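Undergrad: Based on the provided sequences and hints, a complete structural model is requested.
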Amino acid sequence: MKVQNEMNISFESRSSNEGFARCAVSAFITQLDPTISELNDIKTAVSEAVTNCVVHAYRNTIGKIYINVRIKENSVAVIKVRDKGCGIEDIKQAMQPLFTTAPSEERAGLGFAVMQSFTDKVKVHSKVGKGTTVVFEKRLSCRVGNG
Amino acid sequence: MRISESEDTVTAYLTGDIDHHSARNIREDIDAFIQMKKPSLLRLDFSGVSFMDSSGIGLIMGRYRLMSLYGGVVRVSNIPENLERMMKLSGLNALDIIERRGERIESTK
Numbered sequence: 000m001k002v003q004n005e006m007n008i009s010f011e012s013r014s015s016n017e018g019f020a021r022c023a024v025s026a027f028i029t030q031l032d033p034t035i036s037e038l039n040d041i042k043t044a045v046s047e048a049v050t051n052c053v054v055h056a057y058r059n060t061i062g063k064i065y066i067n068v069r070i071k072e073n074s075v076a077v078i079k080v081r082d083k084g085c086g087i088e089d090i091k092q093a094m095q096p097l098f099t100t101a102p103s104e105e106r107a108g109l110g111f112a113v114m115q116s117f118t119d120k121v122k123v124h125s126k127v128g129k130g131t132t133v134v135f136e137k138r139l140s141c142r143v144g145n146g
Numbered sequence: 000m001r002i003s004e005s006e007d008t009v010t011a012y013l014t015g016d017i018d019h020h021s022a023r024n025i026r027e028d029i030d031a032f033i034q035m036k037k038p039s040l041l042r043l044d045f046s047g048v049s050f051m052d053s054s055g056i057g058l059i060m061g062r063y064r065l066m067s068l069y070g071g072v073v074r075v076s077n078i079p080e081n082l083e084r085m086m087k088l089s090g091l092n093a094l095d096i097i098e099r100r101g102e103r104i105e106s107t108k
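Chains as they are written, first to last, in numbering that gives the first Met the number 0: chain L, 0 to 146; chain R, 0 to 108.
FYI, nobody ran anything at the bench for these hints, they're computed from the structure.
Just so it is clear, the structure is predicted and the values come from calculations on it, not from any experiment.
Honestly, I wouldn't trust all of these hints.
As the list claims (entries may be wrong) - Below are the BS3-like pairs computed for lysine-lysine, each with C-alpha atoms no more than 27 Å apart in a straight line:
| hint | chain 1 | residue 1 | chain 2 | residue 2 |
| --- | --- | --- | --- | --- |
| 1 | R | K87 | L | K91 |
| 2 | L | K91 | L | K63 |
| 3 | L | K122 | L | K79 |
| 4 | R | K87 | L | K122 |
| 5 | L | K120 | L | K79 |
| 6 | L | K1 | L | K91 |
| 7 | L | K120 | R | K87 |
| 8 | L | K122 | L | K1 |
To be verified - Chain R is nowhere near these chain L residues, computed Cβ spacing over 10 Å in every case:
| hint | residue |
| --- | --- |
| 9 | V2 |
| 10 | I8 |
| 11 | G62 |
| 12 | K91 |
| 13 | S125 |
To be verified - To spell it out: a stretch of chain R is covered by chain L in this simulated footprint if at least three of its residues, at any positions, have a beta carbon under 8 Å from a beta carbon of chain L; those stretches are:
| hint | segment |
| --- | --- |
| 14 | 55-61 |
| 15 | 81-87 |
C-beta: ideal position from N, C-alpha, C; glycine also.
TA: As structure tokens, then:
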């Protein structure tokens, strides 16, 4: 699928940037004229992915988080959230609902389940010691041009 | 966030965005209040919440556990429509702590 537009941002893994990240992505997506509900879905998925970087990938340290958003044909948005943190040993286990390695911080273990439920497709690549990339796709109900 | 109390009930009116960053302060404020007042009912009012990720679920679960320690209960009320899916996904329904829309209004009449 042809890429029609693209943006990149990178920022430090401080929890105060979680709001910045979801708002920046949602501001970029707005050009597709998504519904409020679609925008909320994307903001939620971005928030989960970025929080994973803050809480898990860079636990007890600060590192860089990279977000790449591509707008493709048919109003498909592809969002990539990448870190160079600790990596995930067992992706299957990490993606299981209610599984968390940070219960003391009141993490519900729902991050990946939410991403899966709120977007159309989620892919996770990870290498221990190298980092993790989460890619999710969402097709928007292209209202552009409909008045 | 505003916290009010009447008789044996403490109500926290949550506002704005609830994420991992903001949940920490909310949690600390509510817990300090609960530990001081030890109410039998903690109501979390979500009517002013514009955005919430799964950190909000962690927040509810954590308060549920804390209130259980004191023999109290948690009620979650006035959930905006855009948070319904998150609440559903969380499995909180099984705990029977969510007040349906209008339920509270009826009970105070």
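Undergrad: Would the pair L:K120 and R:K87 pass a check requiring their Cα atoms to be no farther apart than 27 Å?
TA: holds, 20 Å
Undergrad: In terms of Cβ atoms, is chain R entirely out of 10 Å range of L:K91?
TA: holds, 19 Å
Undergrad: So if I understand the rule, the pair passes when the alpha-carbon distance is 27 Å or less; does R:K87 with L:K122 pass?
TA: Given pair R:K87, L:K122 holds - Cα atoms ~23 Å apart, limit 27 Å.
Undergrad: Is L:K91 close enough to L:K63, meaning Cα to Cα at most 27 Å?
TA: holds, 25 Å
Undergrad: Would you check the hint for R:K87 and L:K91, treating anything up to 27 Å between C-alpha atoms as holding?
TA: holds, 23 Å
Undergrad: Take the C-alpha atoms of L:K120 and L:K79, compute the straight-line distance between them, and say whether it is at most 27 Å.
TA: holds, 12 Å
Undergrad: Tell me if the straight-line CA distance from L:K122 to L:K1 falls inside 27 Å.
TA: Roughly 20 Å separates the two Cα atoms, so the pair holds.
Undergrad: Within the assertion that chain L covers the segment 55-61 of chain R, do at least three residues meet a Cβ-to-Cβ distance smaller than 8 Å?
TA: n = 5 at 8 Å, threshold three: holds.
Undergrad: Regarding the assertion that L:V2 does not contact chain R, is the least Cβ-Cβ distance greater than 10 Å?
TA: holds, 28 Å
Undergrad: Does the claim that L:G62 lies outside the interface with chain R hold up, using a Cβ gap greater than 10 Å?
TA: At about 16 Å from chain R, L:G62 clears the 10 Å cut-off, so the statement holds.
Undergrad: Check the hint pairing L:K122 with L:K79 against an upper bound of 27 Å on the C-alpha distance.
TA: holds, 9 Å
Undergrad: Against the 27 Å threshold, does the CA-CA distance of L:K1 and L:K91 hold or violate the hint?
TA: Distance of about 31 Å is beyond 27 Å: violated.
Checked against the numbered hints above, the structure violates only hint 6.
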